[in-house]
Structures are given as structure tokens and as C-alpha cells.
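Generate coordinates for the entire structure from the input sequences, incorporating the hints supplied.
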Amino acid sequence: MEKDEIHLRRLPATAPWGSHADSEFHGVDFLPEDLTEALEETGMRVNKKYSCLPAEEKGIHIINIRAIEDIGYDQHESTLLNSLSKNPDADCKYGLYFRDGKRKVDYILVYHYKKSSAGKALARRAQQNDASVRSTKQDQPLPGKGVQLEMGDSEPHMDYHEDDKRFRREEYEGNLVEAGLELERDEDTKIHGIGFVKIHAPWNVLCREAEFLKLKMPTKKMYQINQTHGLLKKINSVIQKITEPIQPKVAEHKPQTVKRLSYPFSREKQHLFDLSDKGSFFDSKTRSTIVYEILKRTTCTKAKYSMGITSLLANGVYSAAYPLHDGDYEGENVEPNDRKLLCEEWASYGVFYKYQPIDLVRKYFGEKIGLYFAWLGVYTQMLIPASIVGIIVFLYGCATVDENIPSMEMCDQRNNITMCPLCDKTCSYWKMSSACATARASHLFDNPATVFFSVFMALWAATFMEHWKRKQMRLNYRWDLTGFEEEEDHPRAEYEAKVLEKSLRKEHKHKETDKEKLTWKDRFPAYLTNFVSIIFMVGLTFAIVFGVIIYRISTAAALAISSTPSGRSSVRVTVTATAVIINLVVIIILDEVYGCIARWLTQIEVPKTDKNFEERLIFKAFLLKFVNAYTPIFYVAFFKGRFVGRPGDYVYIFHSFRMEECAPGGCLMELCIQLSIIMLGKQLIQNNLFEIGIPKMKKFIRYLKLKRRRSLDHEEHMKKKQRYEVDYNLEPFAGLTPEYMEMIIQFGFVTLFVASFPLAPLFALLNNIIEIRLDAKKFVTELRRPVAVRAKDIGIWYNILRGIGKLAVIINAFVISFTSDFIPRLVYLYMYSENGTMHGFVNHTLSSFNVSDFQAGTAPNDPLDLGYEVQICRYKDYREPPWSENKYDISKDFWAVLAARLAFVIVFQNLVMFMSEFVDWIIPDIPKDISQQIHKEKVLMVEVFMREEQGKLQMLETWKDKDKRKGENCNNHSPRLSRSRSGSLSSCHSYPLDV
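For the sequence shown, counting from 1, position 430 maps to 411 in the working numbering; every step adds exactly one.
Please keep in mind that the hints were generated in silico from the structure rather than gathered at the bench.
Keep in mind that this is a model prediction, so the values were computed, not measured.
Certain hints may be false.
Said to hold, decoys possible - Computed spacing ranges between beta-carbons, pair by pair: (1) 846 to 898: 54 to 64 Å; (2) 313 to 82: 21 to 31 Å; (3) 715 to 313: 45 to 55 Å; (4) 235 to 920: 25 to 35 Å; (5) 713 to 898: 39 to 49 Å; (6) 206 to 247: 18 to 28 Å; (7) 899 to 681: 50 to 60 Å; (8) 206 to 82: 35 to 45 Å.
As the list claims (entries may be wrong) - For lysine-lysine, the following DSS-like pairs were computed, each having C-alpha atoms within a straight-line distance of at most 25 Å: (9) 450 to 787; (10) 214 to 230; (11) 240 to 787; (12) 222 to 240; (13) 349 to 197; (14) 917 to 214; (15) 450 to 349; (16) 680 to 321; (17) 759 to 679; (18) 230 to 335; (19) 686 to 95; (20) 947 to 933; (21) 592 to 195; (22) 349 to 773; (23) 909 to 197; (24) 919 to 201.
Note that CB positions come from ideal geometry on N, CA and C, so glycine has one too.
In C-alpha cells form, the structure reads like this:
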């Protein structure tokens, strides 16, 4: 049983396997050469660089039999045995490199493994291993089959699944080796039960894949970037000096005067590229992208169906896959790296006033994430002028509030206007002057300047979209994305599984199965489920808003019974504030619920590619979250107070609750309160608190779980973690959809109802200043490094932004026309005013009601609450007085105001739309200097190839001339050559052979 105890010993380099240890790979856990040949015969692929220990290690650690079983690599199946070096090798920079300290880790695969406790099974497995090592049969079974059958009686049932996962990993990793990647395994980590596979892409693989992916790489050719001249040059230099303190201190952000010409990489044209430093020619972002493409393309075929990396992750064969961060970002003696630089110059609240180092962000995270932060930066910059104008509009309202005649009339107690009760029985008559504060506050947001601000914001939205398109083109040029076209992505794992399932069904029915794909018939149940679910959730949102309306009505009636005068006077404020808070809580909860449901609905549709999946998910999530966030605001803006009825003939809900009315100053003030609380609450709680709190909580929970699993060995506990172990503890990257979504919803708050809340851009600006640094800190310190994805634009989000911009024009037209008193004031001023002023406007908008016309049981219980008997009360509406022949009918003033409102909507909408389109037309999508540079690059590239062709032709001509001259020399000196036994004779005959 000596062989069973081999794991208890440390074999020196002169052990029975010394012939292997004496080779160039000292300390490497390889199997003997005869075993390697046997493994190749049984289908295993061996890579001599698969795993190695430091060169200083003079012995070989042989892993015990139990550990061999844990990995799933028996001696007759494996290409390696694990490294068990107790001290981390400093040369590998704690996980950034392989153990040899030379090959960089480009990607990490993580898997779980369990240690079996069946001792007898281990001994039997050891005997089987020893026998199978010496077996060279050609008809070996697939890995794991024989083992599963023999161990089925003694092993727990769950080991079948573990073995299956091991065999899938074994085959998949073998296929990766065959694809040219180099792998190294590490299970000797502080995280017990977790194994890591380090992946390195050698130079030849990087070149091959870069050519496949058509990656544009810098060539040796450099050219001068066109510079501005004259006045523009002076202006630019002044701007650079002024903005120098707010520029990040990174090399990538400095203005460049020269640029390298880029061209899609080609192995045949390597001489064109700057390969002076092959180690840095492909940066870490590009290397991880290339490896990820290979991982997606490589499949494991021994499973029930072909499985790529996404399927293997979904089925738990691997628990995670990610590229490594460049190193630590904090601590003493930390080597300079891009991550540390980003943390200092970007992901810090102390640099909130600085520009973002977008080029460095793109270099580290890739184009897609770089474009998100560039867009967020442009959006935040554009909010600055909008915020300034909004503040001016608000200050204008503050300055003119004492000059506003309608609010002065409402506050004048000498008018002695008695208003009708706000509810039946329990509510009594009230003085209009009691609503003085509301009327004065309404003027802050309901004044002529808000109309100008609505027009300004519509043009601002169009200008922002055009500015972003131009910025996007500049980034495309700078990042060598001009001419880049996204190729069709690999099919998703779920799609392939569904297609295979469909093919198997047809095979069972003896039908043709060539080129199967999912049709609309296959997806019809999912489409139907989507339609029904979305309708249900939209109905649920409406039902919740309706429930809040019932709460407002019932609470207002209950508070009206209050015996204290202060309680009765603050009814409207109390009801509005509590109702908005309820709406906010419901919105935040439903946002999370709808996000999960939208993802589930998209999954059952089984989109073919990741891009299709993302676009469908975005559409559903945006639709549901848009309805959820804006339904309460739409109700206050367009429905509240519209269907109230009149005294004596009110509209009731469930025959008991009277519809609520707007305040005498209109619903615009309440709309402002609703909008501000929901906007600020969402930004503060959902966006910032959740983004900070939830990742911290998840990280803390993972830390507790890992601490519980740690060994009690002090030496093990004190061992410094490898880079891939530290990154494994970070939160996985979940995509950019949540980041974009919160900004798009905010963009809606800024543009859709800006007529009611001019300070919305200011609050959005303050939020975004924090949001940029918060997101940056999350990406740099809290998340695993995402796989870099190439993209030339922000995708479907641009179309959503344009749609919101168009919708904002229509909504603001209706808000100004129907929610505010802007149009009624204009109508009164130009049609009904006797002296051309606003004096008498309040009285003009109020109708009269004879209290004797109350329906039975609806009159106030205390008609003498004001201290006198009321015979006529007033209410806000355009109706005939009680002394008219057609009493309480809608008056002609109503129709005049309605006509003016509709006319304003039409004129405002068309005028602003025309102005927006004019802005879109007058500003070119591509900056002139960028189009010139792109054209210059094309010309220079043609010149490079023309020179190359000319060089080839000249070389051929030179060879021909030399060949011709040598031939002539041979003919002229043939007598001498015949006498010569060597020298020129040999050269005459040998030259054509050399050519």
C-alpha cells in the first residue's frame, strides 16, 4: 500500500519521477512521459505549461489521493497535479501572473469542489487510479462514467452531480488548451472549497483572435492632428489655462497633437504595427476581451447538449468567470497601476469638481462603460445652464410674488369671499383668505417665466442630444471605432438549449432537423404571458394610485372633524404630504419588483443574442418603471379636480367618497410638491442609499460566510490573498441597465414636468455630481472587473431619450395650458378685464351657489361655523349663477378658455417641435474637424499601402536585375567558369535556387 500513502511524503527532485523533475520544469506536478502518452491516447490534451511552481522550488509536492478526487482529475485522466506551495510566490505578484512570474493572468474561472468523507471509496479509487495509470487501452470510457458506476453504492447521491461537473470542467479546460490558451489551477487558497483556474493567452493566440475580431491596433505611422488657427487657437489656449485646475492628472487626458494611424490587426501585415513592446501591445482590457471570446466559442460537448461558458456558469459547473483588476488601489507600497490612478483621479469625492478621465476609463473598462460615463458627464455638464435658468425663473417668481394681483386678491380679507365646503357634512364653509399661503407659493412656479422655461427646456433637450452625438463621434475617432460594426453575437445558452430541445422533439418524430430556430409560434406562449403580465402590472399601478386617492379623500374628511382650528387649517398640507410619501414608498418597492419581473419576462421569451436580450429587457423595464414613477404625477397634473362636479351635484366614488378638488390657486403647487418629493426621494433613497448600502451589505454577508469557512490554522489565516481571491469577494458586474435606467427616469423628471418645477435641473445636477463619483467608486472598488465590450454608441437608450424629449414638449404644453392658470389669465386680461389689468380675475374664475340647493344630507352640520349665516358660497368653475335661467350650466366663459387652451397646445407644440428640429438640422452630427481627420486617416492608409506595394515592386525589379546581370556574367565568363571548380560557378547556379 505504499502508493496509497504517497501523499504523506515530500519527494525530492531525485524521486522515482526524477527524470521529469530534472527537466526544464523544476517542481512541476507533471505525470511521467509514458503516462502522458497514455493520456493522449485516451483523449486528454496535455499542455506542458499547464501548471508550474516557482523555479526556486527544488522538490515536488504530490497531492494526496483525496485531493485528486476533489479536483475531478484522476491520475489516468489529468494533465496536472496541484501546486501546494505554502508561501505565495512574490514573482507572480500575488495572483496577477502564473507561478513562473512571466505569463500574465488574463482571465479567471472559479468553481466549487466538495471533499468526500467516504474512506473506503477513497482507497478503492486509489487502487483504480494506480491500475488505470498503467493502462494504455484505446477504448477508454468517457471521463467519469466508470467511476460513477463503481462508486454509486457507497457515495452519497450528490456526488453524481459533483462528478458530472468535474468531467465537464475537465473536457472544457482541455478544449481551451487545444484552442491555444495556457491554464494553471490553484486550490490552495484561503477560500476553502473554491478552486481557481488561471488563463493566459500567449502571443500567437492574441494575434489570431485580434485578426478574427478585426481589432484596430496602432501602426508605426504617426500623423499630425489638425490644430485650430487664429482667434480659435487663442480662445482654446485661454480655456485650457482656465480649466487646467479641473483637469484630471492622467496622461491619457492631456490634449494630443499627434496620433497613431490605426488599422485592423493582421498577422500578414505585422510589420505595419508598432511591436516594439509586445508585452503592452495588447493591454489587459483587450487581452481579457480576447479570452472571453474564446471562452464563449469553446464548448463542452459531453454534456446532454453543447455548453459554452455561459451555460457552464448557469449550470453551476463554474461559479464565476471574470478578468482581474490590475492590482490594489490602496495601502502602503502599492505599485502604480491604472486602477489606483482611477481611484485617485476619478473614484473619489474629493475630485468631484474635475473632469472625468474618460480615456483612462475606456482603457480600463472598455468602450461600452466608457461611453456610459462620457454620456453621464455630458448630461451633467448640460444641466448647468438649465439649472442657472431654472434658478433665475424661480427667483423671478420670488421677486414678483408681492406684485401678483390674483394672489393679493386672494389674501385680501376685505373681499370676504366665502367658499363652499370641501366635503359633505363634516366640512364647513371657509374663507378664501385662509388659502393665502398656498396662493403666494403657487406664484413661485406659476408665472409667465415658466412658459419661457418650458420652451427653453425643450430646446435644451434637442441641443443636449445633438451635443452628445457630436461628442460620441469625437470619442469614436479617438478610440478608433470609426467604421466599427457590431457583428452578430454568439447565441445565448438558453436559446441553444431551446433549439436543441426542439430538434430532439423533431428527431423523435422522424422529422428533418436542419437549421432549427425558434419561431414566433414557439415564443407565442411567452409573448402572451408578457402581454398579460404587463397589462396586469400597469393595472396594479393604477389601482395603487387609486387607493392613494381614496386615502386622501377619507383622510381629508376625517381631519375635517378635528376640534382644533389648527388641525382643520392644515388638512390640505397634511393630506398632500402623507399621500406623496406613501406614493414614494410604493414607487421604490414596485421599482425593484418590476425590475425582477421584467427580467423574468425577457428570459421566457428566449432572445437569441445578449444584445436582443438587453434591448427587450430595457424596453419592458422602462415601460413598467415609467408608468410606476409618473402615474401619480399624471393624476395630479391632468385629472385631479377635473371630474368633481359642482355643489349640489358632486361626483362620488363608491357612492360615499367625493372626488377631491384642487386648491383655489390651482393644482400646480401640489404638482410641484409631488414632483419634488418623488424626484428627491428616489434619488436619495433608491439611487444613492441603495447603491451604497446594498453592495456593502452583500460584501459583509460574503465576508461572514467566508470567515465561517476559514481554517483555524493561524499561518493559513495570515497568508496574503491572491489577486483572484480578493476579486472573487467583490460584487459581480450586473450590467449598465440599472445605471442608465435611473438617469433616464431622472431625465424625465427634468423635462416632462419642468413647467411646474423649475428647480428640477438643479436637484438633478447636484445628484449627478455625487452619482458620477459614486458609480466610479463602485466600479473601481466594489465590483469585479467587467469584460470590456466594444460599442460605438449608447444603443437603445438614445432612442428612449429622443422619445422623452418629444413627449416633454406635449406634456409641458398641456401642463401650462390645463394645469396652470396661465391661459385663463390671458383670456381674462384680453377679453374681460375692464381696465386692462388682472384686478377682478379671482372673482371671474369663481361661480356662485345657493346653499338651499344642497342635496339632502350633504349640507354642513355646522352652518354657522364662520359666525354668520351663509346663503351664497363660491366654488372654482365657469358656471351660470343660481339666479340665471340655466342655473349651474357651463357658461360661455368656459368654452372661451377651453378654446384658448387647445389653441395654445397646438401652437406651442408645433412651434417648439419646429425649433427643436431646426436645432437638430443646424448642428451637424459629425464635427467638421473630426470628419477631416477621418478622411485624412483614409488617405494616409492608402498611402501606406501604396508605398508598401511600390516597395515590393522595386524589390522584385531589383531581384530581376540582379538575376539578369548574374546570368550575363555567367555567359560572358563561361570558359573561365568551366575551368573553375568553385566560386562564381557555384554562385551562378545557386542564385536562382535562393530566389
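Evaluated hints:
1. For the hinted restraint 54 to 64 Å between residue 846 and residue 898, the CB-CB distance of approximately 57 Å keeps it satisfied.
2. Between residue 313 and residue 82 the beta carbon distance is about 22 Å. The supplied range of 21 to 31 Å therefore holds.
3. Between residue 715 and residue 313 the beta carbons are some 32 Å apart, a value that contradicts the proposed interval 45 to 55 Å.
4. Taking 25 to 35 Å as the suggested C-beta distance range, the pair residue 235 and residue 920 conforms, at roughly 27 Å.
5. Against the hinted window of 39 to 49 Å, the Cβ-Cβ separation of residue 713 and residue 898 comes to about 43 Å, which satisfies the hint.
6. In this structure the hint that residue 206 and residue 247 lie 18 to 28 Å apart at CB holds, the actual value being about 25 Å.
7. Between residue 899 and residue 681 the CB atoms are about 54 Å apart, so this pair conforms to the stated range of 50 to 60 Å.
8. Our hint of 35 to 45 Å for residue 206 and residue 82 holds, since their Cβ atoms are close to 40 Å apart.
9. Taking the CA atoms of residue 450 and residue 787, the gap is about 17 Å. The hint holds against a cut of 25 Å.
10. At roughly 23 Å between alpha-carbon atoms, residue 214 and residue 230 fall within 25 Å of each other, so this suggested pair holds.
11. Among the hinted pairs, residue 240 with residue 787 is inconsistent with the structure: their alpha-carbon atoms are about 39 Å apart, more than 25 Å.
12. Distance restraint check for residue 222 and residue 240: the Cα-Cα separation of roughly 23 Å lies within the 25 Å cut-off, and the hinted pair is therefore satisfied.
13. Using a Cα cut-off of 25 Å, the hinted pair residue 349 and residue 197 holds, with the two alpha carbons roughly 16 Å apart.
14. Proposed proximity of residue 917 and residue 214 is supported: the alpha carbons are some 21 Å apart, at most 25 Å.
15. Restraint check: the Cα-Cα separation between residue 450 and residue 349 comes to about 15 Å, which is no more than 25 Å; the hinted pair holds.
16. Between residue 680 and residue 321 the alpha-carbon distance is near 21 Å, which keeps this suggested pair within the 25 Å criterion.
17. A hinted pair counts as satisfied when its Cα atoms are at most 25 Å apart, and residue 759 with residue 679 qualifies at roughly 13 Å.
18. Between residue 230 and residue 335 the CA atoms are separated by roughly 10 Å; this keeps the pair inside 25 Å, and the hint holds.
19. Taking the CA atoms of residue 686 and residue 95, the gap is near 16 Å; set against the 25 Å cutoff, the hint holds.
20. Note on residue 947 and residue 933: the hinted pairing holds, with a Cα-Cα distance of about 21 Å set against a maximum of 25 Å.
21. A C-alpha spacing of about 19 Å is found between residue 592 and residue 195, which places the hinted pair at or below 25 Å, so the restraint holds.
22. About 8 Å separates the Cα atoms of residue 349 and residue 773, which keeps this hinted pair within 25 Å; it holds.
23. This hinted pair checks out: residue 909 and residue 197 have alpha carbons roughly 23 Å apart, not beyond 25 Å.
24. This hinted pair checks out: residue 919 and residue 201 have alpha carbons roughly 15 Å apart, not beyond 25 Å.
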